[in-house]
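Here's the letter readout for the chains.
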Amino acid sequence: MNIVVCVKHVPDATGDRRFESDNTVDRVGVDGLLSELDEYAVEQALQIKEKSGSPEETKVIALTVGPAKAVDAVRKALQMGADEGVHITDDAIAGSDYIATSLVLAKAIEKINQDKGQADLVVCGMASTDASGSVVPAMLAERLGLPQVTFASVIETQGDQVRIKRDGDTATEVIGGTMPLVLSVTDQTGEARYPSFKGIMAAKKKPLDTWSLSDLGVDAGEVGLSVAWSEVEDTTERPPRTAGEIVKDEDGSGAGALTDFLASKKFI
Amino acid sequence: MSEVLVVVDHVDGAIRKPTLELLALAKRLGEPAAVFFGGSDKAGEVAEKLKAFGAEKIYVVDDAEIKGYLVAPKAEALQQLVEKASPAAVLFVSGYEGKEVAARLAIKIESGLITDAVDVEEGPVTTQSVFAGNYTVKAKVTKGTPIITVKPNSTAPVEEAGAGVVEEFAATISDGAKTAQIVAQQPRKASGRPELTEAAIVVSGGRGTGGNFEPIEGLADALGAAVGASRAAVDSGWMPHTFQVGQTGKTVSPQLYVANGISGAIQHRAGMQTSKTIVAVNKDDEAPIFELVDFGVVGDLHSVLPAATEKINERKS
Ligand SMILES: Cc1cc2nc3c(=O)[nH]c(=O)nc-3n(C[C@H](O)[C@H](O)[C@H](O)COP(=O)(O)OP(=O)(O)OC[C@H]3O[C@@H](n4cnc5c(N)ncnc54)[C@H](O)[C@@H]3O)c2cc1C
Ligand SMILES: Nc1ncnc2c1ncn2[C@@H]1O[C@H](COP(=O)(O)O)[C@@H](O)[C@H]1O
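Those protein sequence lines, which keep their order, are chains A and B.
Straight run, no breaks: the first sequence in the working numbering ends on number 859.
Straight run, no breaks: the second sequence in the working numbering ends on number 391.
Fair warning: there could be bad hints in the mix.
Once the Cα atoms are required to be at most 27 Å apart in a straight line, the calculated DSS-like pairs of lysine-lysine come out as [what the hints assert, rightly or not]:
{"hint": "1", "chain 1": "B", "residue 1": "K91", "chain 2": "A", "residue 2": "K756"}
{"hint": "2", "chain 1": "B", "residue 1": "K123", "chain 2": "B", "residue 2": "K141"}
{"hint": "3", "chain 1": "A", "residue 1": "K660", "chain 2": "A", "residue 2": "K796"}
{"hint": "4", "chain 1": "A", "residue 1": "K856", "chain 2": "B", "residue 2": "K357"}
Everything labelled a hint here was simulated from the structure, so no lab data went into it.
Produce the complete structure using the sequences and hints provided.
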């Protein structure tokens, strides 16, 4: 079995995230890391491999699309236990929207299918922590003509059958599909493992391919900021909230102060 | 004027409020035309309501054949409808299903997609709140038919009747779209409290509750509020995941948000930072949540909240 797990390199949410002068996300001037939500995807890919009848014949391939330093996302996945990595990078990709990103990912998966064997599962995170679109997995399924079994909180596989629990807004559903398919996983699937020292050492020797757009047969004119199907016109930083009033609850005074505040704002 | 398609979000014919908000937004862009995927037996009642909130047209797509499958058939039907109606835009409610149908439609009709708008104006120009609410972004679609998913609570529904012309739309669904099967479905039980994303007031609890949500629920009921939770409270099994506020839960933007025993991690902030008024109760005067608040109480929620609830109930009577 072959499992491709899509991992994105994102600006660190606890650091300073910002936009460039062309209104694209600054991906170079800030600290980045493997999107925390994609750690859950890597974890589930590894668990599916471990639970499968033949782990030694199952390959987990971590795939990312991004600038040079995005390779760190793949490296982290390799340290966690993925077997191989693929990094798609090309100057032309900068500023791509979901449409172009999903195109490049789909072409990369097609090339993986050819070069490394058919992917039975394409595993994604539920959303990237920077764009939070939650749309790339559905786009990949559309482009690759695969079933999508998405937003899983619990995953079960048996042979080529996949069943997940999906906690939607109005109902909890069980969704089923037959491999090959696109699977996306939420942070309800359980904590991701930390790379062990052994894992970190082993990762250095794992195969890692770097492909450009021409390797994928994608024309540079199909991707990037200039051909994006949507355009950011303006970005403004939200003004910081003005400091509020903070009281200490002494001898039960807090409840009264809180009630007075709520009443003054007409919430009571 | 061109039609603006509004994909109706409903549970068994009960229309959810965000759809009515979309109709109000659609009116700014053209003629609101609702698209209802559902049983024909429900269509009459549904059409009445959509009409009352401004729908000029209601497309009814019978879902008997497709309701057992996830998102792909709906995208296919919408592609056919877009080809027929040439709308000025297609609007969805931002949620798992809305976003994914929108995503697939965007690829099918080669059109740009904007997700999680909090406002839509003529153009259409969208407003989004990004990076945990720290930035406001204005954007527009530059190719094809703009596809926009809009967060709940982005505007108020407007009760102003449209023509409400009902039209059956027969879509052809391929077998290839019927691959991801909905094997079982368990509707969520109503809590009796307002919906988290629709509520004017949200009272949330975190790890600091120690698992006892009674003080939270008491205050919520006194204020007529919805109850929310941090991920720590959800991960501990104290509250179901549907109550989670934050990056991987719900985004709320109420008039008042009360955070109790919640430290204020960036991922939590992402779901509540745009609330109009923010109040926190926390034992630790250095908790980051206090950086956001309009009013804060440094104290134990287990004593402050019950006492405040009693005072509020006294004032009300
Ligand atoms: C990828 C990712 C996604 C995430 N998504 C979300 C999300 O959607 N939503 C979310 O909330 N979190 C999310 N988190 C988790 C987030 O980082 C925090 O861990 C979480 O919000 C902490 O919850 P908490 O504030 O309840 O707990 P803690 O951080 O432990 O804070 C508890 C607070 O309670 C106070 N306290 C304790 N006892 C009392 C008392 N008796 N009275 C008053 N105060 C008391 C303490 O002083 C402390 O400030 C996510 C994390 C990651 C990595
Ligand atoms: N540039 C990228 N490289 C690899 N995977 C990606 C990329 N962008 C998105 N993904 C995958 O798609 C998921 C959803 O992303 P998004 O639709 O951007 O929220 C992520 O969790 C990743 O698994």
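> So which of those numbered hints doesn't the model satisfy?
Replying inline: none
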